[in-house]
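Chains X, L, D and G are the protein sequences, given in the same order.
Its first residue numbered 4, the first sequence is counted upward by one per residue in the numbering used here.
Its first residue numbered 42, the second sequence is counted upward by one per residue in the numbering used here.
Its first residue numbered 861, the third sequence is counted upward by one per residue in the numbering used here.
Its first residue numbered 354, the fourth sequence is counted upward by one per residue in the numbering used here.
Read the hints as simulated data drawn from the structure, not as lab findings.
Quick caveat: nothing in here was measured; it's all calculated off a predicted structure.
Glycine residues also receive a C-beta, built at the ideal position from the N, C-alpha and C atoms.
It cannot be assumed that every hint is accurate.
Stated by the list, open to error - Quick list of in silico lysine-lysine cross-link-like pairs, DSS-like style, CA-CA up to 30 Å: (1) 883/D / 1097/D; (2) 102/L / 954/D; (3) 1097/D / 120/L; (4) 1097/D / 102/L.
Said to hold, decoys possible - With the C-beta cut set under 10 Å, the calculated list includes, among others, these residues of chain G facing chain D: (5) 467; (6) 524; (7) 529; (8) 540; (9) 544; (10) 545; (11) 546; (12) 589; (13) 590; (14) 591.
Said to hold, decoys possible - Short, incomplete list of chain X residues facing chain D, as computed with Cβ under 7 Å: (15) 50; (16) 54; (17) 59.
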Amino acid sequence: MIPLLVLAQAAADAQPSPGQVGSGRVIGGWEFVTAAYVLTFLGIVLYAASLWVRRPRS
Amino acid sequence: MADAAFHIVDVSKRYGPRWALARLTFSLERGKSLLLTGHNGSGKTTLLKILATAMSPTLGKLTVLGHDCHEGREPIREKVGLLSHASFLYEDLTAAQNLVVLARLIGMTDGEADATADAMLTRVGLAKRRDHPVRQFSAGMRKRLAVGRLLLKRPELALLDEPFGELDPQGIGEMEKLIAELAAQGTTLVLATHLVDQGKALTTERLHLEEGRRVEARA
Amino acid sequence: MPSWVPLVLLLVPVGICLALPFKRDLLDKVWLVLAAEAVFGIGVGTYLALFSVPPERDMGEVVRIFAAHVPQVQNALLAVVLNFGCSLWFLIRKSWVADSLAESSAEVGLYLGAVGTALGAIWAKPTWGVYWTWDPRLTSAAVMLIYYAGYLALRRFTDNPDTRATWSAALGTFGIVIPVTVYKSVVWMKSMHQVQSSPETVYPQLVTAFRFSAIGFLCLMIVFIYQRYRIAQEQLKREVAPPEALGAPQGAA
Amino acid sequence: MTPAETVAQAPAVTTARPVRPGLFACTVILLRKDLLLEWRTRARLNALVFFGICTLLMFSFALGANAMALREHASGYFWLAILFASVLSLSESFRVEQENHSLDGLRLAPANGRAIFLAKAIGNTVLLWGLGAVLAPLSIAVFDLRVVMSLFTLAFIMLVGSMAISAAGTFYASIASNARARDVLLPILLFPVLVPVLIAAVKATTMVFEGDPMNQMESWLTLLGSLNVIYWGLGLVLFPRIIEDL
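When you get a sec, could you build the whole thing from the sequences and use the hints?
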């Protein structure tokens, strides 16, 4: 579903002026938002865990 | 201490978790010659490298030929020669070219450098191999060329790390003669070797290292 | 909520950073405060971004990703600049603190940069239609990650701590070219990426959420670097023999 | 008196020492040494040139025989070929110094650390520029390029590009050559810092072949020039530290 709702411009060929992505509108996309925040928190947890595993034992 | 060839106080060198030299204090007068003994890994090579300013001590003070090593290493390097395990030679240059590069670096003109290199090759017995690349040399011949490199600099302090290594009996004899000549010319010598008998004959002082510390030599 | 409210939170991390040079062990005691603020800032920022901010006109819902993407990339660049500073510090006066801090900031910068770049790619899919465009900003950011991965690899591949410290300090100093490239790449090549994100150009409703999140990530970065720094110091303790191991001075000859 | 006797009888300590060469003279001596080494191992040099040519030709296989696309991106392939070849020549130029710890020999000679850097970097510049001089006509021929601007401009771009690659490359090769896994580390570390050089050099080279309607050439050359200032400056300052602090 989502790819159809994507902005009209194909990225590789388009040369829009910086900052202006186009006049279209992205509808939906919650799964991307979820994925982003899941990745963020996963990153935090995993890196914190790696620090915990390597913690100095003295 | 003005007449000291080198004077080290509390010199220590760390290789990661290990102290290769531990608070070594020693000094050697100019014109004297020192025999440096000790087992493998006792810190002989480290001490020689530090004296040659090839590496800096982690801790401690070091004065070589009147120059403090923290005030610049170049004045020390001008007057110190190091014969190391590594020959410092370029494999793809010929024997003569190797010497010429050094001769130019110490300030000779091109003509002087060529003449000196030829003379030096004759002296170390490599005249016939003048134009052969070092890659074709045997270990003993490399050693001779490395000695030529050292002599070329006419050092005031010569540091010899295992000069007899990789030499045949004849070569050892010639090396002894060269070292004796150096000493006779007034060069201060530091000689690190496992051949204690040869070493003793050539030197006046002795320093025995164990685990980077100075100990009295048995034997 | 007015958008300046989260800026009050900045007082804590900035205050601690300014006080650090005078009181070295300050973080031993207060790192939990920073950790708490990180949880609070990121939590509030995420909550606002996900549930309070209305969808934007152009980008719709995916604009919410900004509140996580931008702070992480910014803090990654900050960590890299810190790495540069520590490298320079080490070269000027041989300090193991600088060496450990440089290692920590490179690793944390690499982590934040990797996640930040991945978020950028996730954001790009619905907005630009592809995960990866060969956009100079994206590509130079990825290249920066490679460089700092190489930096950490060199540290792994060098056994002698003293040489390792000097070499990596030289690498870190030279490496400042790279964040500058990332920053300038947009100007040098025509880019689809925004030239810069300032509160004026970003969607105004998002600013409050973004600021909470940014300050939260700043605190998180400090905590992570501090914890990584302790690991680095512990490793140095094992690798570098302290002068005490030498024993008493020997008598002069 | 034979020369041998002259040396043997020269008093070791009392003679006045010759004046040691300064930074410039020392650089010249070391550069002569480096070029002599390159010349004596010219088989390796040839291999390097063929490696460059090979890389250049491989792009056509990777992209398919699409003459349009190949022509359009020719300057990119040209610089990539030089970049890949530079990794080989740089690590080789330090492998030579590592073999018998010759670099230590130079330091203790004593040669100025900055002079060692300058000689190595200039030597590599000459090498890469020469490689470019071989690859440029070849690229023009096989990619069917038209030279719109003068060939001098192309030569100049190649010079400043090679200089930037060599300065940064000498610095990184001196570090990587001492580490384990040096063959992998050098490109990982070097390529990221060369990204701006690559962008600027490729853009400028493209203009040589496609014209410069927007008058951008000057700004790209300015970028290349300032990168050169940064890399050579950083190299001069940092290189002595790298080879000394061991």
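Right, here's what the structure says about each hint:
1. Of the supplied pair hints, the one linking residue 883/D and residue 1097/D holds, its CA atoms being roughly 22 Å apart against a limit of 30 Å.
2. Of the pairs offered as hints, the one joining residue 102/L and residue 954/D holds, with about 17 Å between alpha carbons and a cut-off of 30 Å not exceeded.
3. A threshold of 30 Å between alpha carbons decides the hint, and for residue 1097/D with residue 120/L the separation of about 38 Å lies outside it, so the pair is violated.
4. Our distance criterion of 30 Å between C-alpha atoms is met by residue 1097/D and residue 102/L, whose separation comes to about 24 Å.
5. Violation of the interface hint for residue 467/G is found here, the shortest Cβ-Cβ separation to chain D being roughly 15 Å, above the 10 Å cut-off.
6. Interface restraint check for residue 524/G: the shortest CB-CB distance to chain D comes to about 6 Å, inside 10 Å, so the restraint holds.
7. Because the beta carbon of residue 529/G sits about 8 Å from the nearest beta carbon in chain D, less than 10 Å, this interface hint is met.
8. The restraint placing residue 540/G at the interface with chain D holds, with a minimum CB-CB distance near 9 Å, inside the 10 Å limit.
9. Taken as an interface hint, residue 544/G checks out: its beta carbon lies about 7 Å from the nearest beta carbon of chain D, inside 10 Å.
10. Against a cut-off of 10 Å between C-beta atoms, the interface hint on residue 545/G holds, since the closest Cβ of chain D lies about 4 Å away.
11. Proximity of residue 546/G to chain D holds as hinted, the smallest CB-CB distance being about 5 Å (cut-off 10 Å).
12. Restraint check, residue 589/G versus chain D: the minimum CB separation of about 12 Å is more than 10 Å; hint violated.
13. A hinted interface residue such as residue 590/G counts as satisfied when its beta carbon comes closer than 10 Å to some beta carbon of chain D; here the least separation is about 9 Å, so the hint holds.
14. For residue 591/G, the suggested interface contact is upheld, since its CB lies about 5 Å from the closest CB of chain D, less than 10 Å.
15. Below 7 Å, beta-carbon pairs count as interface contacts, and residue 50/X has one with chain D at about 5 Å; its hint therefore holds.
16. Because the beta carbon of residue 54/X sits about 5 Å from the nearest beta carbon in chain D, less than 7 Å, this interface hint is met.
17. Here the hint on residue 59/X is kept, as its CB sits about 4 Å from the closest CB of chain D, short of 7 Å.
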